[in-house]
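Chemist: So you can see what is in the structure, the chains are spelled out below.
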Amino acid sequence: MNLLLFGALPYMALALFIAGTIYRYRTGFKYSSLSSQLLETDRLFSASLAFHIGIITIFLGHLVGFLAPALFIPIGGPSLVILETIGIIFGVLAVIGMVMLLYRRVTNDRVRRVTNKMDIIIEILLITQFIIGLFIAISMHWGSQWYLSNMVPYLHSIFLFQPDISGISEMKPLVQIHVVLAFLIIGLIPFTRLVHFLVAPFHYILRPFQVVRWYWNPKTIEDANQQWKNLKKPTNN
Amino acid sequence: MNVRAQMSMVFHLDKCLGCHTCTVACKNIWTDRKGAEYMWWNNVETKPGTGYPTKWEDQDIYKGGWERTKSGKIKLKGAGKVKGLLNIFHNPNLPVIDDYYEPFTYKYRDLIESPQSDEQPTARPISLITGKPIDIKMGPNWDDDLSGTPDFARKDVNLENLTPAEQEAMFQLEKMAFYYLPRICNHCINPACVASCPSGAIYKRGEDGVVLIDQSVCRGWRMCITACPYKKAYYNWNTGKSEKCLLCYPRIESGQAPACMHTCVGRIRYLGTLLYDADKIEEVASVEDKDLISSQMDIYLDPNDPEVIKSARANGIAESTIKAAQNSPVYKFVKEWKVALPLHAEFRTLPNLFYVPPLLPVMASVTQNNKSDGSELNPISKHWSDEWLYDTSIEEIFGTIKQARFPIKYMANLFSMGDTELMEEKLKKLMAIRIYRRYKTVGDISKEKSDRALAEVNLTEEDAEGLYYLTSLAKFEDRFVIPPAHREQAIEMMESTADVKGSVGMGFREKPVRGL
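Sequence lines, in order, name chains A and B.
For what it's worth, the working numbering labels the leading residue of the first sequence as 1, then goes sequentially.
For what it's worth, the working numbering labels the leading residue of the second sequence as 1, then goes sequentially.
A couple of the hints might just be wrong.
DSBU-like mimics (lysine-lysine), calculated; alpha carbons at most 30 Å apart, straight line [as the list claims (entries may be wrong)]:
| id | chain 1 | residue 1 | chain 2 | residue 2 |
| --- | --- | --- | --- | --- |
| 1 | B | 155 | B | 55 |
| 2 | A | 117 | B | 132 |
| 3 | B | 335 | B | 449 |
| 4 | A | 30 | B | 132 |
| 5 | B | 428 | B | 338 |
| 6 | B | 81 | A | 30 |
Chain B residues, not near chain A, derived (Cβ > 12 Å throughout) [said to hold, decoys possible]:
| id | residue |
| --- | --- |
| 7 | 111 |
| 8 | 116 |
| 9 | 125 |
| 10 | 137 |
| 11 | 138 |
| 12 | 144 |
| 13 | 289 |
| 14 | 308 |
| 15 | 346 |
| 16 | 405 |
| 17 | 421 |
| 18 | 442 |
| 19 | 456 |
| 20 | 469 |
If you are wondering where the hints come from, they were derived from the structure by calculation, not from laboratory data.
Built from N, CA and C at the ideal position, the CB exists for glycine as well.
Here chain B stands alone, though its shape is the one from the complex:
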């Protein structure tokens, strides 16, 4: 057992309100620079929708990620040693700037400085690349809230294997629903970007598994952009180097949550350490499709298991990191309660960002069995009868999930590689928690019913309380369990601190300047 620590994340999609605060925080810190304006290391997509860059999930177009060969091995789909070197002069699978969007600003100065005239002055949009006026065609969240439009939602790649009737049902005006999908780099266990880099500039940090691009080694061969199936590696057209989400490692190292997570208004984001067995990476990444998600879940180790702790110590993992792994909210969501799933596991990169799938838009529409007009409801306590709102008779306890406004198949295409049973299991769990909490707080559901609901999804009352707490009440330090980076030890052991007295902490780094 070769135990390694990995910073990993859970995004609770039921809580995401699509405010893009994460995106703006990230943009302000990292990508508000020439050549990086078009990059959104964190972005929030509306689902169903085509996303950013357009249709990024369609690997027939972008050729990202790994694919399993007949012999049971895996190979990079659009890059790799032979393909990467052969395509080095022109990479046929590289997205161009128009697949993202042409970055733009407005000529605000015209509003103040235009000469007196009969017309109102206008601020015309200009391209941030050429500086010339442009007709804006696309933006990073151009399809925000546009569920149902022919240009975006209906072109969602995940609708592929849905019948036309199922698709049409999703887009009927009165049944229309959407949810948000915030995305950052997954800091994968089997990163395709690292494997594809001809220069070897991309690496995974041993200590915490953050995937970074060494800017002084990157030569702009741009294979990572093709290889990353999530399209989270970007080419800076100004400096000629690729860049990607760095999980705000300077913040993590000083114990702060990454900017996107720190600012999250809906508090949907959780950050914690997972321990995994690095000996098993290749084996897990190349199992058959049907076992892929369960194998990935198995690669993560139980941080309370004495054997695991022993091997972790032997591998030099600090006590504080093991402790953080034991308290990790990610471990609870992913392994203990098993309500979170990776996004598009079929890309075989073993992503470390897990999503608690959204239940709310999946809810069936309200049914009403009696003839009540609602007047008997107490307006303050909202104490309604079973029949009035959700049909909570035990036969129908999870029935609403099956009559979902989103076909389970659609959700499964995103989070469980098309496995509808697995998807249903997760949604049922989330529903069971709701039933349990309703029994606790509203009281119109009997304890018996709530117990049966929990039993059916293999959750104990303790689990339910824990899930409820972490979902709804969790404080900052519950959501972000960040182990100390111990870089101070590293520095002290590698050099005499007296040598570098008076110099800046991170040493003198070069300014990014475009080469000749």
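Okay, chain A solo, but in the shape it has when bound:
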């Protein structure tokens, strides 16, 4: 059972995530934030802001711990308390935001019209995941330390294709549920609106303000010696 949940599920989820996002990206039309701000803006303000700021901070915390555990290891004493407190604050923020978003989605007539099943499923999954995460953070102190020693090696082993589930099998059930749920959510990402975080527009910072597209280069066209082969084919044919 443990092998299935901690050994096989992660790979199924990751495979689904990769294949699913590529498939959805290739049928490009459907990638969108699917914002409902046009239909309702006042309640969205606090909800969306709280949720996004919360989840991004928490996600980055997990990610940095996973990628560069060395950064966190020397933290101890008062700084550790501060770190944990920050984590809990942003966790609470994410929960509050997500609950508000779900409540808005269900109670506002207009927003309900642009809601599909996956929106509700993923929002409930996220709320559950956040609450479990908060429980872990509060009940099992110094998570930012034992995450590094107990969980990160397991995650590393997954990504190095040498899954070692001995560590995770010893963890409390709450942590195990948190991990399983996390991989479930990762696997579901391509089938939900969450895909929009993959196309976060950071390239905007670097691109010039004005964009001009030429459908064909008139100078090349008028050159009779130009071969077809050297020209790029349109992708839609």
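Based on the hints, put chain B in the right spot on chain A.
Modeler: Only chain B this time, still in chain A's reference frame:
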């Protein structure tokens, strides 16, 4: 000199009768879809009025367009790289659907299917978003012809710097006047929507300057809706993508006029190519307010100038496009005769839609100096004396403009960034043409008077004839000078046509389906 071609437009407001045929044509072709019902890529507003979306001209509310900083550069008012990314989770400057209106239909079926009863069945209005009965509060042309009403005309943003007395004078019942302002996307030279798009989905076509949104790249960050000061980018709440006027590019490419222009009953619309210098865009967009309109006029190049033609050829602009630019009705209105002005140039997007301002509602009321009761008028020829109708003595030749029913200041707020002199110059030109034509056809104005009127506004008799022809008599091919798109060459050079034999011309496009 980096010469580019630009499809641009002139709308002659004196000729607009406010029939909304353009709007309906556009709606039927492009936006009669779920999520797009509330969009009107073409709409006709009554001025004075608040427009659609309500008070769109007030950038204190909507934060659209560019603004000039103290250092002489320009930046986006409500979007931009920092603001756009910071506001991505919630855009505080985004208009909501109620600023446009909640789209609705009627339950027509109830008229036929309701059970027998003592009352007449009624078709109740229902929302096209929720499907529930609604109380209709607003529509796209809700203020149509409502000049003078407190809810609409008096809230016109352009009345801002008019004195209360001037405002009140506009709304006195016997002096009330209004005109129509049809609007489409301006396909700006310095488009704020393009600059604001975090995904880079909006682009300007190099070949003809049409501004389009790539639907497969748009991610619904909705910054373009804020950034466009004309509020001509719309968010489709169903597909989660933004959409805008595409100048009917499939029609243009096949040589047809855009639907709104083709159907225009008053024939107010003109479409033609302008050549402009793309190297100067930033410089022109960031000049001081007082020079902005004249600088914009200078960015457009003379298509008959050999230098310009040479650079255009070097840039790969097709001969047919240069030819079209030489025959462009837009060039004549904007550059040769200088009677057309951009709408709200202060937004600094360098719009390519120009308006010939309306003269008719500006006319002073009729004055009568003699005691005639009109009985001496020949009912067929309507040959009236100078004193009887318009005061056409040369001292007063343009006097009617100054005693306008619309204060010049109001018109200037719309079309000349508050510059009343510039506005007056354009109105005088239009008046001079009328005087000239009256000398020609009615004959009660002397040639001398007409010559003096034309001379005062720097128009020759040839200009006057040309302006008259293009205003009143122009045929289809005079109003729409559309260069061939030469897409056939593009296709043939990029791929072997044998490869795509049997497939559809534009390739297989995806159907717009809302994502999960």
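Chemist: Compare the structure with each hint and give your call.
Modeler: Status of each hint after checking the structure:
{"no.": "1", "hint": "B:155 / B:55", "in the structure": "8 Å, holds"}
{"no.": "2", "hint": "A:117 / B:132", "in the structure": "21 Å, holds"}
{"no.": "3", "hint": "B:335 / B:449", "in the structure": "26 Å, holds"}
{"no.": "4", "hint": "A:30 / B:132", "in the structure": "28 Å, holds"}
{"no.": "5", "hint": "B:428 / B:338", "in the structure": "11 Å, holds"}
{"no.": "6", "hint": "B:81 / A:30", "in the structure": "25 Å, holds"}
{"no.": "7", "hint": "111", "in the structure": "25 Å, holds"}
{"no.": "8", "hint": "116", "in the structure": "32 Å, holds"}
{"no.": "9", "hint": "125", "in the structure": "15 Å, holds"}
{"no.": "10", "hint": "137", "in the structure": "15 Å, holds"}
{"no.": "11", "hint": "138", "in the structure": "15 Å, holds"}
{"no.": "12", "hint": "144", "in the structure": "24 Å, holds"}
{"no.": "13", "hint": "289", "in the structure": "21 Å, holds"}
{"no.": "14", "hint": "308", "in the structure": "16 Å, holds"}
{"no.": "15", "hint": "346", "in the structure": "19 Å, holds"}
{"no.": "16", "hint": "405", "in the structure": "39 Å, holds"}
{"no.": "17", "hint": "421", "in the structure": "32 Å, holds"}
{"no.": "18", "hint": "442", "in the structure": "51 Å, holds"}
{"no.": "19", "hint": "456", "in the structure": "41 Å, holds"}
{"no.": "20", "hint": "469", "in the structure": "33 Å, holds"}
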